[in-house]
Amino acid sequence: MSISRGAPKRPFSSMTSRARLARWALSGPPLTFLAIFFLIPTLIMALASFGWPGREGGFSPLWYHDAAGWHFDFTLGNYRDIFTLRLFLVLYLRSLGYALATTGFCLVGAYPLSLVIARARVGYRNLLLLLVIVPFWSNFLIRIYAWMIILGPQAALSRGINAVLGLCGIRAVNLLFSPFAVMMGLVYVSLPFMILPLYANLEKHDPALLEAARDLGASAWSCFWRVTFPLSVPGVIAGATLVFVPALGAFAVPDILGGTRGIMIGNVIEMEFLQARDWPFGAALSIILTILALGATGIAAWAARRGIKAYG
Amino acid sequence: MALLEIRKATRRFGHFVAVREVSLEIEAGEFFTLLGPSGCGKTTLLRLIAGFDTPDEGRILLDGCDITLTPPERRPVHTIFQSYALFPHMTVADNVAFPLRMARVAHGEIRVRVAQALREVQLAGMGERLPQELSGGQKQRVAIARALIDRPRVLLLDEPLAALDLKLREQMQLELITLQRLVGITFVYVTHDQGEALALSHRIGVMNAGRIVQLGAPDAVYEFPQTRFVADFIGTCNLLEGTVRRQTGARLTLEVSGLGELAASARTPVQVGERGVLAVRPEKVRIAAQIVPAPGEVHLQGVIHDQLYLGDVTVYKVELAGGRLLEALLPNSAAGVVKFFEVGDHVDLAWRAEAALFLHD
Numbered sequence: 198m199s200i201s202r203g204a205p206k207r208p209f210s211s212m213t214s215r216a217r218l219a220r221w222a223l224s225g226p227p228l229t230f231l232a233i234f235f236l237i238p239t240l241i242m243a244l245a246s247f248g249w250p251g252r253e254g255g256f257s258p259l260w261y262h263d264a265a266g267w268h269f270d271f272t273l274g275n276y277r278d279i280f281t282l283r284l285f286l287v288l289y290l291r292s293l294g295y296a297l298a299t300t301g302f303c304l305v306g307a308y309p310l311s312l313v314i315a316r317a318r319v320g321y322r323n324l325l326l327l328l329v330i331v332p333f334w335s336n337f338l339i340r341i342y343a344w345m346i347i348l349g350p351q352a353a354l355s356r357g358i359n360a361v362l363g364l365c366g367i368r369a370v371n372l373l374f375s376p377f378a379v380m381m382g383l384v385y386v387s388l389p390f391m392i393l394p395l396y397a398n399l400e401k402h403d404p405a406l407l408e409a410a411r412d413l414g415a416s417a418w419s420c421f422w423r424v425t426f427p428l429s430v431p432g433v434i435a436g437a438t439l440v441f442v443p444a445l446g447a448f449a450v451p452d453i454l455g456g457t458r459g460i461m462i463g464n465v466i467e468m469e470f471l472q473a474r475d476w477p478f479g480a481a482l483s484i485i486l487t488i489l490a491l492g493a494t495g496i497a498a499w500a501a502r503r504g505i506k507a508y509g
Numbered sequence: 397m398a399l400l401e402i403r404k405a406t407r408r409f410g411h412f413v414a415v416r417e418v419s420l421e422i423e424a425g426e427f428f429t430l431l432g433p434s435g436c437g438k439t440t441l442l443r444l445i446a447g448f449d450t451p452d453e454g455r456i457l458l459d460g461c462d463i464t465l466t467p468p469e470r471r472p473v474h475t476i477f478q479s480y481a482l483f484p485h486m487t488v489a490d491n492v493a494f495p496l497r498m499a500r501v502a503h504g505e506i507r508v509r510v511a512q513a514l515r516e517v518q519l520a521g522m523g524e525r526l527p528q529e530l531s532g533g534q535k536q537r538v539a540i541a542r543a544l545i546d547r548p549r550v551l552l553l554d555e556p557l558a559a560l561d562l563k564l565r566e567q568m569q570l571e572l573i574t575l576q577r578l579v580g581i582t583f584v585y586v587t588h589d590q591g592e593a594l595a596l597s598h599r600i601g602v603m604n605a606g607r608i609v610q611l612g613a614p615d616a617v618y619e620f621p622q623t624r625f626v627a628d629f630i631g632t633c634n635l636l637e638g639t640v641r642r643q644t645g646a647r648l649t650l651e652v653s654g655l656g657e658l659a660a661s662a663r664t665p666v667q668v669g670e671r672g673v674l675a676v677r678p679e680k681v682r683i684a685a686q687i688v689p690a691p692g693e694v695h696l697q698g699v700i701h702d703q704l705y706l707g708d709v710t711v712y713k714v715e716l717a718g719g720r721l722l723e724a725l726l727p728n729s730a731a732g733v734v735k736f737f738e739v740g741d742h743v744d745l746a747w748r749a750e751a752a753l754f755l756h757d
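As given, the protein sequences belong to chains A and B, one line each in that order.
Quick note, the numbering used here runs 197 ahead of the 1-based positions in the first sequence.
Quick note, the numbering used here runs 396 ahead of the 1-based positions in the second sequence.
Hints listed in this document are in silico derivations from the structure and should not be mistaken for laboratory results.
Because the structure is a prediction, the values reported are computed rather than measured.
All C-beta atoms in this analysis are idealised placements derived from N, C-alpha and C, irrespective of residue type, glycine included.
Among the clues, some could well be false.
Computed from the model, here is a short list of chain B residues facing chain A with C-beta under 8 Å [stated by the list, open to error]: (1) 446; (2) 475; (3) 485; (4) 494; (5) 542.
The following residues of chain A were derived to be distant from chain B, with all beta-carbon distances above 12 Å [claimed, not checked]: (6) 214; (7) 227; (8) 243; (9) 258; (10) 265; (11) 288; (12) 302; (13) 331; (14) 333; (15) 335; (16) 341; (17) 370; (18) 371; (19) 488.
Same shape as in the complex, but just chain B:
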């Protein structure tokens, strides 16, 4: 049985449906991420789990018990807020001790456990400081220590790294992974940052317009997006619109206007004549001055239109016949400064037919 179960939860605000019949099961010990653009309903769903809000329809179960109407203070679920929400009038130690005080734990035990918790988040000796005397990363750690001190069943994290700068964010990502493995508590993490979701999670639920549109492990979601939205939202994806002309098993032949017939693969049933998009990730596209296509490879020609030098890789935008742009990615693996192509160069492009997914419109 799943630890946390959401059954057909719906939450409306006036005419706006923030969460629409979402059903979800999250296992004990899982690092689960709700990923989606702002306004997709992910924070509303998190608030339903925390108990700050109740669904208009549907149920929420924890350990098989219905907690839909249980107030937040009686749920073994804690939240880490985007703003951290540390109590400004209390010291770090008092902040961390708060859940234990509320549970009327003995004073001596509180002192021991707070000291232990502060050590765990590398804040030993900072107990007497006030929150406003801490840096962003330190505040984040206090919020984590406070939320974990009484070992909740589920920890909810609402874009907790959004306020940190890039380097610190990467460091905190690693710390969160380590911490989650260490304490074994189920994390439900909300973010709009697809990179963060891919790096942290065991499973990702991609949300759009109040629904979970795809659910799966990070690599599955990235490699096999089921909809155009997911392909576009997670990572970068080349999307070429076309019509299905022929189908043999999982292999399709797609007619793309201006480019002729291209091979693609499909993971869902497809009908001949159906319109959709061919999705291929830039890193799957081979780019070279001249390519002799291997069997089963799609082969195209184009002209370099633009290039983005990113240090580790260079992104080339290649103009195809008919004016379409296709992105390809080339790692700068040679020693020293090497420029493979200049704008205006003629190049060959190729990718394996399995790497090109057909997605329904």
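So that you can see chain A by itself, here it is in the shape it has in the complex:
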């Protein structure tokens, strides 16, 4: 057999024209949907980020035509402000930190859980998965407000912690409206998005591989690090992306649980659009956020692929 390594696969090379037509017929509607509701708005945002705010909110036209001919009205001022004002740098870094920490906590928390579910007996497995999905049945905001109550100063959790701190002679803390509360909220809402892709990956692993590893002298620990984990990297990347990107732009969780100390870049973007009514500046902020998210996931995917090659 002559198989060259890494040869590109062309699954559609032998397709008939009918099959090609079917492919377009099936993928056309979702592609059109994405183009209209994702690609075009993103381009509008990108353009808007170079404009001036309109007199009553929105943004002023980027170009217009009058008797003197075409006029272009672009500015780099929004970006200059973002890069020169330290406040925004701090907010971006803080959001990045929250998103990274959320991803990390979710990974550490979700991995053992996904593994347990994936290796449970089949009937039991569906029940456990159902339990992971159950929170989605109630509204996102309601669940966040529930955390407000759980972390509130009158709740058992706060009182318990403060009682212990009091015994140690440490000043009482306020759990709510703090970075801690934001972290709790973010991890809580993101956890299922890490569990599900990880489970989907782990569930497909051939149990014979683990038996082979044990048989050939690997301890349970080596089995995990040399077989299970490397094979689960695609699931880890999928889960990390699903958690990291929304966490980076989160605004409802910090808005409700964070108070003034837990503010994230998403809150600022929201304020620019809704309160300050400076759309171009809000657009510039969100374009940078988008670039950050793309960059971070790109690096993660690249690092993971490198990591997997270095294994073994």
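Based on the hints, put chain B in the right spot on chain A.
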């Protein structure tokens, strides 16, 4: 002392008894095969030896040491899985190096030994490939190299050739025999393919319903099956039910309904009046248009009912008096196309009384 000893091992799954009080001794350097139909417990027994499972009762000893509860990673026993279980994210070389890495062998030595092992299985230069880029036979060789690189005391093989096509299977059978002789490691081989078991093994343990029903060298098991199950499962066997009428020493006279009295031999004590079967292999049956029976031969007459031309041999199904069918085998030894008989021909059949075994029901 035997290298591997299994003492009254029993393994139950709920109410189902997969392995039932199996006792077995396997010598160092032996090629031992567990043969049986699917569900007979042979794979369960293999998993008990590998350590993936522990017996509910009984002990397993290796070199006289009790390893019943030793985890698989601490047994000097490796397994070749039916699916090969190569690590898909590792190259061929990394797969083969795995047991050495686990044993913390120095890097330089690993490189040398892996190269050597790949040469031994004719995969030199393939070290950088990934398992999915290999053919079935090549994957098989990687699995063998990986399992043998740290010289285990026992190698367990779980139907390793089942996924290969016929030609490749025959080639791999020969390679396995050569390899086993070369490395001198004890092989315990599991298969449901009786031909494979006969070709490969020093000894065969035939399993049925969780028990070892017969143990012995391939020719002994084939020629002298002790039970109807073994006679039927290994090779093809004509079985004629009858009752013992007379006995003189090892010679019996059996009354078979419709055929009268037939001579047979017995290798176990038999009582007059006992019911059982007369077992005679098709290749022991002489078939000709006319046979003058020699002394000590059983002689019957019949009509050709069916024939199966297999190239090297032709199998004739002969209808006897009373409608019973008996298979006889004739090698196509004459040059050119020769048809000995046609359907409907009258033929004579004969076999030596020693070739017909009486088996208890």
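Status of the hints after comparison with the structure:
Interface restraint check for residue 446 of chain B: the shortest CB-CB distance to chain A comes to about 6 Å, inside 8 Å, so the restraint holds. A cut of 8 Å between beta carbons decides the hint on residue 475 of chain B: the least distance to chain A is about 5 Å, and the hint holds. The closest approach between the C-beta of residue 485 of chain B and any C-beta of chain A is roughly 5 Å, which is under the 8 Å cut-off, so the hint is satisfied. Hint status for residue 494 of chain B relative to chain A: holds, with the closest Cβ pair at about 5 Å, below 8 Å.
A cut of 8 Å between beta carbons decides the hint on residue 542 of chain B: the least distance to chain A is about 7 Å, and the hint holds. With a least beta-carbon separation of about 31 Å from chain B, residue 214 of chain A lies farther than 12 Å from that chain, consistent with its non-interface assignment. Distance to chain B confirms residue 227 of chain A as a non-interface residue, since its nearest Cβ pair spans about 31 Å, more than 12 Å. Under the 12 Å C-beta cut-off, the non-interface status given to residue 243 of chain A relative to chain B holds; the minimum distance is some 39 Å.
Once the 12 Å rule is applied to beta carbons, residue 258 of chain A is consistent with being away from chain B; the minimum gap is 55 Å. Against the 12 Å criterion, residue 265 of chain A stays outside the reach of chain B, whose nearest CB is about 65 Å from its own CB. Consistency note on residue 288 of chain A: stated as away from chain B, and its beta-carbon is indeed over 12 Å from all of that chain's, at 40 Å minimum. The beta carbon of residue 302 of chain A is kept farther than 12 Å from every beta carbon of chain B, the shortest such distance being approximately 26 Å.
For residue 331 of chain A, the condition that its CB be more than 12 Å from all CB atoms of chain B holds, with the nearest at approximately 32 Å. Residue 333 of chain A, annotated as away from the interface, keeps every beta carbon of chain B farther than 12 Å; the closest lies near 33 Å. The claim that residue 335 of chain A is not at the interface with chain B holds, since no C-beta of that chain comes within 12 Å of its own (minimum 40 Å). Under the 12 Å C-beta cut-off, the non-interface status given to residue 341 of chain A relative to chain B holds; the minimum distance is some 39 Å.
With a minimum CB-CB distance of about 46 Å to chain B, residue 370 of chain A clears the 12 Å threshold, and the non-interface call stands. Every beta carbon of chain B lies more than 12 Å from that of residue 371 of chain A, the smallest distance being close to 48 Å; the non-interface claim holds. Every beta carbon of chain B lies more than 12 Å from that of residue 488 of chain A, the smallest distance being close to 32 Å; the non-interface claim holds.
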